[in-house]
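Visitor: Quick mapping for you: the protein sequence lines, in order, are chains U and D. Residue numbers for the first sequence follow the working numbering, so the first one is 1 and each next one is one higher. Residue numbers for the second sequence follow the working numbering, so the first one is 1 and each next one is one higher.
If you are wondering where the hints come from, they were derived from the structure by calculation, not from laboratory data. Ideal Cβ placement from N, Cα and C applies to all residues, glycine included. Don't take every hint at face value.
On the chain U side, residues computed to face chain D include the following (Cβ under 8 Å) [what the hints assert, rightly or not]: (1) 164; (2) 166; (3) 245; (4) 358; (5) 381; (6) 423; (7) 601.
Number of protein chains: 2
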Amino acid sequence: MASNFDKLFNPDGIAIIGASRDPGKVGSVILKNLRITYHGNIFPVNLASDEIQGLKTYSKVTLIKENVDVAIISIPAEKVLQVLKDCEKKKVSFAIIISAGFGESGHSGVLLENAIKKFLNTAKIRVIGPNCLGVINTEPYYNTTFIDPNSKPFPGKTAFISQSGALLSAIVDDATLDKIGFSKIISVGNSIDMDEAKFLEVLKDDENTKAITLYLEGLRDGKSFLKSALETSKKKPIIVLKGGKSKGGAEAASSHTGALAGSDIAYELAFKKSGIISVGNIDDLFNFMRDAPGLRIKSDEVIIVTNAGGAGVIATDAVYAAGLKLAKLSANTTNELSKILPREANIHNPIDILGDATPERYKEVLEAVYSLNKPIIVIFSPQEMSLPIETAKEISEIHLQNKDLPLLPVFLGGARIAKAKRLLREINLPVYSYPHEAVDIIKGMYSYSAFSQPVYSTYNKTNVKKTKLNLKTNLFGLDAKTIFDKLAIKTAMGVKVKTEEDALKAAVKTGYPCVLKVGSNEIVHKHRIGGVIVGIKNEDELKKAFESMKAKMTDDHIKYTHFEVYKDVTPKKGGIEILLGGHLDPQFGPMIAIGIGGDYANIIEEVTFLLAPISDEDLTNLRNSKIGRLLASATKRKIVDEIISYTIKLAKLMEENPMIKDIDLNPLVVSEDDAIATDFKVYTA
Amino acid sequence: MASNFDKLFNPDGIAIIGASRDPGKVGSVILKNLRITYHGNIFPVNLASDEIQGLKTYSKVTLIKENVDVAIISIPAEKVLQVLKDCEKKKVSFAIIISAGFGESGHSGVLLENAIKKFLNTAKIRVIGPNCLGVINTEPYYNTTFIDPNSKPFPGKTAFISQSGALLSAIVDDATLDKIGFSKIISVGNSIDMDEAKFLEVLKDDENTKAITLYLEGLRDGKSFLKSALETSKKKPIIVLKGGKSKGGAEAASSHTGALAGSDIAYELAFKKSGIISVGNIDDLFNFMRDAPGLRIKSDEVIIVTNAGGAGVIATDAVYAAGLKLAKLSANTTNELSKILPREANIHNPIDILGDATPERYKEVLEAVYSLNKPIIVIFSPQEMSLPIETAKEISEIHLQNKDLPLLPVFLGGARIAKAKRLLREINLPVYSYPHEAVDIIKGMYSYSAFSQPVYSTYNKTNVKKTKLNLKTNLFGLDAKTIFDKLAIKTAMGVKVKTEEDALKAAVKTGYPCVLKVGSNEIVHKHRIGGVIVGIKNEDELKKAFESMKAKMTDDHIKYTHFEVYKDVTPKKGGIEILLGGHLDPQFGPMIAIGIGGDYANIIEEVTFLLAPISDEDLTNLRNSKIGRLLASATKRKIVDEIISYTIKLAKLMEENPMIKDIDLNPLVVSEDDAIATDFKVYTA
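Chain U on its own, in the form it takes in the complex (with noise of 0.2 Å):
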């Protein structure tokens, strides 16, 4: 813990201000979890009473004598910049605070909030909140909050971050209910200076804290939270559970907090570019909570041992939908295992040690395969003969001789296997009530475990032309093509015209067939307004289509700017038509899409995503993603590399230039030996 911190959670003098006498009052419960869980001294502020629960109290906390680490404030939102001004006076070093009011609730709040931001630029307070329960630190306890003193979290080694409150008290009240303990609880709230990046630093270096748990809506800087995640995931795990995924879900999360919501295929990018275990459901996030402290997972070949056939088959189809695999025996091992078990066991994985398997067959089984150092889910169904308990003793057993091995019990059943599971429980084995759990775990924790720092090799070694541009437009066709011309994209051939005779000129250059599209920067679906032609094979039918489009553009007063010859360009026999895009994420910059384009594009749908900066990882991801295998195909793998790294360059253009909002290529042709966009956009808002 870095040493500022433990004013933070192991503080020396707490101030309440607001603290309450009515027992209703959110300022009265926190004065009473406090004085439960703190045993320093604690100074009640409020003006209307001088003793609150048998304290003095204060009128103000400059008003106090001895040292006040820490102010909680919970007083309404527009007097709390005063109080602040008072606690920096008073040199607290930390104010929770509590109060709602602020950018969640609308202009006003906004402003309150915006001034306290201020306020804080020079200040040497931290603030944690607004809008937060505050915090809990189990060792030495101490909670800040007004969750009911009745859940009280036990001491454990993961730490949660929540930005929402309500939830939080939800699952500390269930979490404690089936013993899962915690190092630090932290309510964020709007999080307008301790955000959840700083609160990753400060548990990254807490010994108490062996993984993060956090339940995300949004962020305020994706890229400062991205950075501490990538260093404190080098240290300890970090699971996310990130609400808002859809976008239903994340418009419900926008109504109800400040966070901007940013795309989840970002976040998605984002959390595995930076070693965090992504989950999907709360109760994904229990398990982990409670297991991923000391399981580590360095194989995704799972072995199962079963006495039930038929929960075996059921772990090896979630084995397999998580992307996992059994691990294969090898003869040795089938070897001894044919020596342990009857003949109509299974002796390969699924090892099936049979209905009627002994605790003593459970060991030797065990011990025949621990030494392979793959994770083990031992699958225990309670039939007439079996003995849960004594079961449960011989799986402890192998367990604390050889603490490291990633052994996962799943045991089935409810009355009959209760006491065995709590015994699995007490000495800190993780247990599991159903096979996909177990699987779900090693899942994400192998993912963590196979997890490096991105490397950028190929990416810092892509020379791009430096392209600052000075745009405060869209570019659309051939206004754009000299951006692309700079980065060595090549695009169609074409030229710029505002007459037929222009337009005649301008084809004997492009050549038969050709297209003609309607030039503006506004335009965005030319389409659909009949402003594109194409297959135009002589001159006879260029002049039909120059007059005709002119007339129509006209007709229909749409506002243009001039007309483009093109080349037309079909892909050859065996080409295809892709896509290439860039998108300027709120959260974390560029995105670039490289999928299938042309007409079919939004029927298949099958695009690979790639943060800025491209790692090399994400690149050998795309070449082995569809779209990668889909160019390697159609270029014979010619001209793949040089179609891939188109990606870079776009990431780069767009770094460089944070004003494009948005690239499009589509379609990029793409042949055996050439690659041409014709149709190209760049769009500044």
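Chain U is already provided as a structure; the job is to place chain D on it using the hints.
Guide: For chain D alone, coordinates are given in the frame of chain U:
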């Protein structure tokens, strides 16, 4: 209940053949269970003793004077047939064969099983098992299994049929702890006589059963199962957990039971077509076991009411992830909500009634939305001011007033909400721990309500020339062409040739560019051995191609019979290559595939499957699928109907000619007004 089956579920007299004095033996546990649960006459049959557990024993079932409806057989496999014959003599109606050692355990077991099957062809006695646990009826209570008597299941409205005995005992133990009740529990074992299909028919008419759950790993007769399921799902929902979905899981399943592993795709299509709800995991199955009997969901538009914004976000994500949607509230409803709720609340769906929501606020909001008659997920998260029990009571009131209203409370948390949850369970309200559980059950029960019995009007109307074939070998290329000619599926024009001279003559007919292929009904991948040369532009090229191919085939000792010259067909601009295929599923018959074909088929892997006979709904789904939309776009809707009708033609061909195992038409080159298969194969083995 069909009166016949009364004798199984409410028998007059039970014999236990293989009853044992040894308390460790199955025959002893079953007797114990029976004596606890069954109040009729029990007759132990055993050669060794005169009396077991205080009951007189018989050396043979035929020596029993009184009536015996059911015989439970737990003796070595090789003695079972003789005992069955005795039972038949004694006019026993049902024999439950607990004994293992039959089809599941190798060749000698298969022989024993076949001998019993043969006997059953003419015998009147019906058999459950072998290799099963038996059956449990809860009203009146009676248990033939050797499940631990401590996990005595509660009476309820859900039936459970399981192919895995071990999983059955675990599930019953867990369900019982969770107070989930059952009407009947049936372990089918190897199901040589009474199989899942027959039990579905029995349970269809059982008034105590309102929902049927199954654990399946495979089926011996897929079609009869489907037929029973289709009939049954008219009356009550069927929920299936299918083990062996993954390739690895299917291997595990086939190694541990005698069941045939059919393709998972075929199973999912079959389930969908017969109104079966397919679940993925044991915990999903539990939720359906508990709630399916009472819950009917008529809308896929969900309303969410929550006192925790974060939980509303997570629930919304789950709704969209499941393919459901949030209901859009009318202005009337939001107006009403705005009167009830504080200003800061969200009156749009998900309705956020804020952390300080009182029980009354829950009630008022629910009253405002229940008339919309859509599923409502009511989320409660325990916060400082929350009153869980009082809130649960208000929710109960709403439910009791409108029992048909699909109200699905989700109570987040642990100790603080445990009592409230119990209170809701007691009035049979489904209450969940996490939003996704409520969403999953809404999705499943909605799919059941929305299911309509399949209609085959287009299928039946589609005239296909009777094509009774007499195939003995695979037919590839021009040998297969006549079959597709009869179906009016257009295949590329081609000519069989033996010599170079023939080839040159043939090319005059096809025109250039042409394609030369080796002819053989054995070579599956002609490409891979150099047996296909495309894009031959003129006579000279054709000569060279012919010489080099013939030399190669000769050098490599390839068994070819002739060569084939085809017109070279490539897709016109905007056209696509698709694949059209048929596969005879061992369980469910012809399964037709239509998807992206040609070079990219294996990369894009976009295929829609249809099970024969093809229903009108299948055709609608095909039209709306990616491949349907691609076809519409590529053909400008001109010949999309024709191409879609090919699926019906193939299905009918395969139904009529069960010797056809597979058909491949790939690619089928599709343009605006033409669809030509350029490679085509019919496999008979």
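Visitor: Now, for every hint given, state plainly whether the structure supports it.
Guide: Hints versus structure:
1. With its C-beta approaching chain D no nearer than about 3 Å, residue 164 of chain U sits inside the 8 Å limit, and its interface hint holds.
2. This hint holds: residue 166 of chain U has a C-beta 3 Å from the nearest C-beta of chain D, less than the 8 Å allowed.
3. About 5 Å separates the beta-carbon of residue 245 of chain U from the nearest beta-carbon of chain D, less than 8 Å, and the hint is met.
4. With a cut of 8 Å, the hint placing residue 358 of chain U at the interface with chain D is violated, because the nearest CB-to-CB distance is about 12 Å.
5. Evaluation of the residue 381 of chain U hint against chain D yields a held restraint, the C-beta minimum of about 4 Å falling below 8 Å.
6. Against a cut-off of 8 Å between C-beta atoms, the interface hint on residue 423 of chain U is violated, since the closest Cβ of chain D lies about 17 Å away.
7. Checking residue 601 of chain U against chain D by beta carbon gives a least distance of about 11 Å; that is not within 8 Å, so the hint is violated.
Consistency with the previously given hints fails for numbers 4, 6, 7, ordered from lowest to highest.
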